[in-house]
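Sequence lines, in order, name chains A and B.
Letter by letter, the first sequence follows residues 3 to 809 in the numbering used here.
Letter by letter, the second sequence follows residues -3 to 63 in the numbering used here.
If you are wondering where the hints come from, they were derived from the structure by calculation, not from laboratory data.
There are no misleading hints in this set.
Here chain A is said to cover these stretches of chain B; the calculated rule only asks that three of the stretch's residues, wherever they fall, bring their Cβ under 8 Å from a Cβ of chain A:
id : segment
1  : 0 to 6
2  : 15 to 23
3  : 26 to 39
C-beta atoms are modelled at their ideal positions from N, C-alpha and C, and glycine is treated no differently.
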Amino acid sequence: MKEVRTIEKVICYHCHDVCKDEHIVFDNKDFCCNGCKTVYEILRDNDLCTYYDLDQNPGISLKSKDFNDKYAYLDNEEIARMLINFSDKEKSRIVFFIPAIHCSSCIWLLENLYKLHEAVEHSRVNFVRKEMTIEFLHDKISLRELVELLATIGYEPYISLDNEGKKKQKSINRSLYIKIGVAGFAFGNIMLLSFPEYFGFSGISDRLVQKFITYLNLFLSLPVVFYCASDYYRSAIQGLKQKFVSIDIPIALGITALFSRSLYEIFTSSGPGYLDSLAGLVFFLLVGKWFQNFTYEGLSFERDYKSYFPLAILRKDAGEWKNVPVKNLAKGDLISVRNQEVIPADGVLVSESAAIDYSFVTGESEPVNKKKGEYIYAGGRQTGSKIEIEVIKPVSRSYLTQLWNNEIFQKADDSNLQGVVNKVSKYFTLAVLGIAIAALVFWLTIDFSKALYVFSAVLIVACPCALALSTPFTLGNVMRIFGKLGFYLKNAHVIERMTEIDHVVFDKTGTLTIGKAATVVFDGEELSENEKSGVASVVANSTHPLSEKIYQYLKGSDFAGKAKDFNEIAGQGITAEARGQLIKLGSKSFVLNGESHLFTNLDDELTTVYLQVDNKFKGRFIIKSHYREGLERVLSSLSGTLGMSLITGDSETGADQLKKFFPTGSTFSFRQEPVQKLEYVKKLQLSNKKVMMIGDGLNDSGALKQSNVGISVSEKSTNFTPASDAILASGSFQKFHQLFNFCFTAKKIIIFSFVISFLYNVVGLSFAVTGNLSPLFAAILMPLSSISVVAFATISVNLMSRVKNIL
Amino acid sequence: MSVIVLLILFSLLVAIIFLIAFIWSVKSGQYDDTYSPSVRILFDEKSKKKPSEEKESKEKGPEKNKK
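Given only the sequences and the hints, what does the whole structure look like? Please build it.
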């Protein structure tokens, strides 16, 4: 650099990004772009500037504020009806999922939406779910206008028809809360009423009062047994039907033994029963369940192609273009796909040419050029001008969507039945039953009445409350720690499954390399300032991804001069005049034009763009993809115990460097289609491998689903991620090996807690077998064992995360 | 001694009222979002300010953020 510039960071008032050289000053405030300024203006005019006072950096940077017809499909009544939850003569109510909601300012602004538009009656934000409920007068504002209003202030809703799963989750959570509440209520009251019993106040003169208390306890325990614990019986019976001994069987057995024994004692007036232990047991179990059921509601782990595809598309109906829902498309329809829109169905190109970006489907980062009459697969994104396509196959039968017809997507998730607990529970149940029967037989020879007493006592004291709690609390804590580090798990069972993995399969683009980011290097004689400006103003006009990268590289230059005679030939390059220079930019054959033999030393290994200024070859831009930070460390650390594969839709170009990171013996597959990826994972599984797939795009969906653990890497949590078991924020990729190893630590902690709970069981059993189990002893032992196991699991997970340095 | 029966019943009645309140609060969705109500309560309802006041608060705004 010849000149020394004092770089003063200018921060955008709206989005708090660092402003580029050319920033806008408005109202004595700096703005990085027009979009931010517009939002500020809107807010100022409506007296909503509190927005900026509430949180540090509330604003969302707008990429484009020009929607054109992006939301035109919302004018279609059929689609609008599917989206709107409730509608009467005047008002409509709709729930939007808005990924951009991130701080208290967002809540404030969105709930003050009525100040921006009079037709908005009421709006409410659910921060945890990133949802917003709006009631509006549909005569005064259309759905489309409403969505556009939200998008202008930076809160673009994510519109999709597939949100069935979320509603189900909600009702499960609510009923669990109620169960915990009822069990806690019963537990507390029974304990309180049993206090006189604990302290041996049998001296209560009034036998009637004592009887009253026992029956009251019985009454209180009824909802616990028949409502709160109902899930345990159900899953125990289900397990038995499938000939599977899950942990729920000894639990159900214990609850039944506790209750029937208590009934017997109460009705024969021989004792107060064990109702306090019973209520406590159910209460602790439910709390454990709640702790483990913790989910990231703002994230979706179940998305399929439907949430990626557009809802509607322009179709020619009797000479007129109309928006129709994509599922109504049939063979022979003529559809129009605009710039940056996703092609919804397989078809034949009717327009002259198209450049389609399949990066999300195949992983190939360069757009594919198609000519008139060529077959186009669904899932690509058109870049450039509008194109017309004749549909050949309906959406559900298109090439890409067929992946979801694969049997693996129909299979129910049975992950709950796996895991260490259920492996142990098989032996545990058998051992408990064995001991109980042995004790029964032994006591039968001595004292018949005592035999049944001992039999039920064994079942009661062996109820694996502590055992059942060790896993939820260990895994729940690990899950929360992982969440803090940007590794979001679908459920806690994923941790256990990760410890069984012996082979890991990586996708390349977007997973090991950073999708959009790239380093651009110029190889050739140094360009003058004038030439740089010229090239910058030319590439600024093009939407080709490579142009954008070169533009980013040259951004420092002044490109005020407009390009003239701009001519972009799809798949080849650009010619234009800028700053009095004739600039030709593009592929080797396009730029060198037959003279390529002059430059035989230019190898084609890398992605390159050649440059010619005034008919003189100047050099070439080399675009290298960025590897993720810490890639080498992660790979070498994982390779210690795991087999590795790389599978990508990309070509082999430039992969040599990447291969070096992998250990010898790893396999590499290039130009793989989505189905082939799935098949590859399946093949590994057939040779008895437990496979972990790490991918990012729609093209990995099949493989992610098929694998034992599918992890999708995401740049932003708001981005589309295919259905997977876990979402890894790209920034946390460098820590992945540590997180992976921590799963093994978690497993060890679970086993240790098992040992602790077994010790309690041995103590309890020794009392039970000898016939000395008193209700008081049971009431102390059971909560004590549960609490100590929970404490051990929680403390050791947090301690180990510090020792292992992952926090 | 039988007064204790009355007391127990009464205390249980109070407890049941709270249990019903809890069940109602769960069903009405108060546990679905545990974050936004905590923020919402702090929002001031600024009603029709004079332009001069508005300017003041705007100047104060960024300063607050710098802390």
